[in-house]
Amino acid sequence: MVLATVSTASAQVRIIQTNSMGDNIHLIDPKTNQIVGEVKGVPLNHGAAASPDGSRLYFSSEAEQTLDAVDGKTYQILKKIPLTGRPNNISISKDGKRVYVGIVSAPGAVDVIDTASLERVKSIPTKGGIHNTWVTPDGKFVVAGSIAGKLMTIIDQKSEEPVWTLPFDQGVRPMAFETNSDGSTKRMFVQLSDYHGFAIVDVAQHKEVGRLELPNDIPAEKVDKGPFNGSPSHGIGVAPDGKTLWVTSRPNARVYTYSLPDLKLLPNPVDLGGRPDWVTFTPDSKLLYIATENTDSVVVVDVAARKEVTRIKVGRSPKRNITMVMR
Amino acid sequence: MRWLIGIGACLLAGAVMIAADDLPDGEGKKILEKSCTTCHDLTEVTKLRGFYSRAQWRDVVVTMKEYGAAIDDKQVDVLTDYLVANLGKK
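Chains as they are written, first to last, in numbering that gives the first Met the number 0: chain A, 0 to 326; chain B, 0 to 89.
If we strip away everything but chain A, and leave its shape as in the complex, we get:
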C-alpha cells in the first residue's frame, strides 16, 4: 500500500514494517535501506497506517485488541484505543481523519476511529469477520474483505455505510487497485484463500471477470509445501505509476510481475528465499519491499530491473507493511 503518489522530492519516505510475532515495528529509510526507527510496545502488531503528513502512525494489536496511536516523530504510543473485538488489518482515510479497523471476531465489523479524539466512534457491521480493510485510491470507498464470509463489502467513505457486496467462492485476502484516468477504481485484483493467484474484479460491473493463476515454474522438489495459513498467494500490489502488478507466491518463494493494463506475465520473477507476504512500493515506483515471514527479513527489489537489491533483517515474522511520506 502506498500512501502518496505525488512528488516526494522534498519529503522523507519511510517503509513501515510490522512484525506479527513481536511487539515492535521497524521503520526503514529507502535511501539507505537501513532501519532508522523502531516503535515498541505493540504486541502482536497486525495492521499499520500513517497519517498523510506522517505525523501520526497507527497499529492494531491482536494481543491487546487495541488500535495504538503513535507519534510520528518520537515513536511513543499516544493512546491504546479499545476495539470491539480482535483486530486484523487497518486503513486510513485520505484526509487522515478516520482509521478503519477490520474486526475478525464474529460476526464481523469495521471499527471506525476518529483520529482527532482518538476514540472509536462507530462500528460498521459486516457479513463475516474482516481480515483487511483498504481505502480506494480516490478515497471514496472503504473495502472490507472477509475470509469467513467469503465476500468483500464496499463502504461509502463519507456516509460510512455499506453500498454493495461481492461474494466469492473462497475467503478474501489481500487486494490491489487499478485506477482510471480520473483516479476512480477500474479493477481490483483480489487474492483468495487456497488459490495460487488472484481474481480480477471489474468495479463498474460489480463482478468478478476472471482469474489468473501464478506459474508453477520451479522444480517440484524446491516447492515449499507450507503450511501457508490457507493462502498460498498473500501479497499483491500495483506500482504507484500504474504500470505493473506484483504478486507473491509462498510455494515458489517468488514475486511475479504483470504488465498493466493487459495483465501479461513479464519475465524474470524474483526469488525471495522465503515465504513472502505483503508488499509496498516507494512512491517513485523504483523499489519494492517484500516481507518474508519465515526469514524475519524484508527483500528489497529493483522494480525496473526486477532484481533483488538487498535484504534487511527486521523482527519476528514480518507481514503487513506500508509506505509513509513525511511532509
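No wet-lab data here; the hints were simulated from the structure.
Beta carbons: idealized from backbone N, C-alpha and C, even for Gly.
Do not take every clue at face value.
[Stated by the list, open to error] In silico DSS-like links for lysine-lysine, alpha-carbon gap of 30 Å or less:
1) B:Lys33 x A:Lys221
2) B:Lys33 x A:Lys121
3) A:Lys96 x A:Lys79
4) A:Lys312 x B:Lys46
5) A:Lys139 x A:Lys263
6) B:Lys33 x A:Lys79
7) A:Lys39 x B:Lys46
8) A:Lys39 x B:Lys89
9) A:Lys285 x A:Lys72
10) A:Lys242 x A:Lys30
11) B:Lys89 x A:Lys78
12) A:Lys78 x B:Lys88
13) A:Lys39 x B:Lys88
14) A:Lys242 x A:Lys306
15) A:Lys39 x A:Lys312
16) A:Lys72 x A:Lys126
17) B:Lys73 x A:Lys149
18) B:Lys88 x A:Lys224
19) B:Lys64 x A:Lys206
20) A:Lys126 x B:Lys89
21) B:Lys29 x A:Lys149
22) A:Lys78 x B:Lys46
23) A:Lys126 x B:Lys33
24) A:Lys149 x B:Lys46
25) B:Lys89 x A:Lys79
26) B:Lys73 x B:Lys33
27) B:Lys33 x A:Lys149
[Stated by the list, open to error] Pairwise CB distance ranges (calculated):
28) B:Asp71 x A:Asp223: 23 to 33 Å
29) B:Arg53 x A:Leu77: 29 to 39 Å
30) A:Thr309 x B:Thr42: 18 to 28 Å
31) B:Ala54 x A:Arg210: 33 to 43 Å
32) B:Asp71 x A:Ser183: 40 to 50 Å
33) B:Lys73 x A:Lys224: 27 to 37 Å
Put chain B on the given structure of chain A with help from the hints.
Positioned in the frame of chain A, the structure of chain B alone reads:
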C-alpha cells in the same frame, strides 16, 4: 490450480512444531494436531500465550472454524478449555 489444505506433509510439520512447544497431552492437543496445524504452524497459536481470556480464546476457535478448520461444535469448547488452561491469561 487450487492449493488444498490438509496434506500429510503439513500434518507432519505441525507435529514437529507441537513437540517443540511442549504443550501437555489432552483432547485439546489432539484437536490442535488434527485440525489446526494443517493450515498454520503452532506458533500462530502459541504467540497468543498469556494474552487472552476464555471468551477471547473461544472467539479465536470459532473464527478458525468459520475459516474451515475441521472442528465440530463439541470440540469448540474442548479446544477452548485446553487453550485457556495452557495459554490463557493468568
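Results for each hint:
For a cut-off of 30 Å, the pair hint linking lysine 33 (chain B) to lysine 221 (chain A) stands: about 26 Å separates their Cα positions. Of the pairs offered as hints, the one joining lysine 33 (chain B) and lysine 121 (chain A) is violated, with about 39 Å between alpha carbons and a cut-off of 30 Å exceeded. Distance hint between lysine 96 (chain A) and lysine 79 (chain A) is fulfilled; the C-alpha atoms sit about 17 Å from each other, no more than 30 Å. At most 30 Å may separate the alpha-carbon atoms for a hinted pair to count; lysine 312 (chain A) and lysine 46 (chain B) meet this at roughly 20 Å.
Proximity of lysine 139 (chain A) to lysine 263 (chain A) is assessed by CA-CA distance (about 29 Å); at most 30 Å being required, the pair is judged to hold. A distance of roughly 36 Å separates the Cα atoms of lysine 33 (chain B) and lysine 79 (chain A); the hinted pair therefore is violated under the 30 Å criterion. Proposed proximity of lysine 39 (chain A) and lysine 46 (chain B) is supported: the alpha carbons are some 17 Å apart, at most 30 Å. About 23 Å separates the Cα atoms of lysine 39 (chain A) and lysine 89 (chain B), which keeps this hinted pair within 30 Å; it holds.
With a C-alpha separation of about 26 Å, the suggested pair lysine 285 (chain A) and lysine 72 (chain A) falls inside the 30 Å cut-off, and the hint holds. A hinted pair counts as satisfied when its Cα atoms are at most 30 Å apart, and lysine 242 (chain A) with lysine 30 (chain A) qualifies at roughly 22 Å. With a CA separation close to 24 Å, the supplied pair lysine 89 (chain B) and lysine 78 (chain A) stays within the 30 Å bound. For the given pair, lysine 78 (chain A) sits about 22 Å from lysine 88 (chain B) by alpha-carbon distance, which is consistent with the 30 Å threshold.
With a CA separation close to 21 Å, the supplied pair lysine 39 (chain A) and lysine 88 (chain B) stays within the 30 Å bound. The suggested pairing of lysine 242 (chain A) with lysine 306 (chain A) holds, with an alpha-carbon distance near 17 Å, which does not exceed 30 Å. Between lysine 39 (chain A) and lysine 312 (chain A), the direct Cα distance comes to roughly 17 Å. Compliance with the 30 Å bound is thereby established for this hinted pair. Taken as a hint, the lysine 72 (chain A) and lysine 126 (chain A) pair is broken in the structure, with Cα atoms around 38 Å apart against an allowance of 30 Å.
For the hint linking lysine 73 (chain B) to lysine 149 (chain A), the alpha-carbon distance of about 25 Å falls within 30 Å, and the restraint holds. About 33 Å separates the Cα atoms of lysine 88 (chain B) and lysine 224 (chain A), which puts this hinted pair outside 30 Å; it is violated. For the hint linking lysine 64 (chain B) to lysine 206 (chain A), the alpha-carbon distance of about 28 Å falls within 30 Å, and the restraint holds. Between lysine 126 (chain A) and lysine 89 (chain B) the alpha-carbon distance is near 33 Å, which puts this suggested pair outside the 30 Å criterion.
Taking the CA atoms of lysine 29 (chain B) and lysine 149 (chain A), the gap is about 28 Å. The hint holds against a cut of 30 Å. Pair hint lysine 78 (chain A) plus lysine 46 (chain B) holds up; C-alpha atoms about 23 Å apart against a cutoff of 30 Å. Taken as a hint, the lysine 126 (chain A) and lysine 33 (chain B) pair is honoured in the structure, with Cα atoms around 28 Å apart against an allowance of 30 Å. As the CA atoms of lysine 149 (chain A) and lysine 46 (chain B) are separated by approximately 26 Å, the hinted pair is consistent with the 30 Å bound.
With a CA separation close to 21 Å, the supplied pair lysine 89 (chain B) and lysine 79 (chain A) stays within the 30 Å bound. This hinted pair checks out: lysine 73 (chain B) and lysine 33 (chain B) have alpha carbons roughly 15 Å apart, not beyond 30 Å. With a C-alpha separation of about 24 Å, the suggested pair lysine 33 (chain B) and lysine 149 (chain A) falls inside the 30 Å cut-off, and the hint holds. Between aspartate 71 (chain B) and aspartate 223 (chain A) the C-beta distance comes to about 31 Å, which sits within the given range of 23 to 33 Å.
The beta-carbon spacing between arginine 53 (chain B) and leucine 77 (chain A), approximately 31 Å, falls within the hinted interval of 29 to 39 Å. A hinted range of 18 to 28 Å for the beta carbons of threonine 309 (chain A) and threonine 42 (chain B) is consistent with their spacing of about 27 Å. Against the hinted window of 33 to 43 Å, the Cβ-Cβ separation of alanine 54 (chain B) and arginine 210 (chain A) comes to about 38 Å, which satisfies the hint. Checked against the given bound of 40 to 50 Å, the beta carbons of aspartate 71 (chain B) and serine 183 (chain A), roughly 46 Å apart, stay inside it.
Judged by the Cβ atoms, the range 27 to 37 Å given for lysine 73 (chain B) and lysine 224 (chain A) holds: they are separated by roughly 31 Å.
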